[in-house]
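Asks: Go by the hints and put chain R onto chain V.
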Amino acid sequence: AQKITQTQPGMFVQEKEAVTLDCTYDTSDPSYGLFWYKQPSSGEMIFLIYQGSYDQQNATEGRYSLNFQKARKSANLVISASQLGDSAMYFCAMREERAGTASKLTFGTGTRLQVTL
Amino acid sequence: DTGVSQDPRHKITKRGQNVTFRCDPISEHNRLYWYRQTLGQGPEFLTYFQNEAQLEKSRLLSDRFSAERPKGSFSTLEIQRTEQGDSAMYLCASTTEGGRVNEQYFGPGTRLTVT
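Going line by line, the protein sequences match chains V and R. Start counting the first sequence at 250; every next residue gets the next number (this note's numbering). Start counting the second sequence at 171; every next residue gets the next number (this note's numbering).
Okay, chain V solo, but in the shape it has when bound (with noise of 0.2 Å):
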């Protein structure tokens, strides 16, 4: 079974400055992936960025950065010059990436994210 803990319920960070979203992640499958969601209050939940469990390179898309450790078994989220619109809850989520399965994403709790001026 996998299973996603994120342990920072909420978190606070000035404009401007940067800030990481902690993940662990626990997982017997060899491939696998890991994504990063926003969800701000209105519900909708977006995609930020993925890592595969076998690239090397640390994933980035623009202000976000995906900082894979995968001996740590962790995919933390950095996201540079935070913006008062980054206020939302964030959720990091995993699929197993088999032939033939549903790629499912097991989510985290998740954490909240305030911007401050």
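Rather than coming from a laboratory, the hints here were simulated on the basis of the structure. Glycine is no exception: its CB is placed at the ideal position from the N, C-alpha and C atoms.
Examples of chain V residues toward chain R, derived with CB under 10 Å:
1) Y286
2) F296
3) M338
4) T355
Replies: Chain R only, in chain V's frame:
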């Protein structure tokens, strides 16, 4: 470009009533998922369709829940004899296959309140 849409956005019902939610995925997406999200938690997987075939169901999906995806397009999720514990946000997501990432695109959700 239309994303995933869900209807209704909000539903208030009395315990014991039946409710049905609809999800319209992105048109070229053949995979469709239903998730349930309760307050303070991440979404939990309920069921998955590939085209019109329902290929996986979670243990969370009790006998009171049924989902369909006729013709492989829109999907419906029905809850019979609702209970207060069914109160949650029901999220639908869709994706395609064959690419490297195949991220799931989520709809805005249907918030169900059972009184």
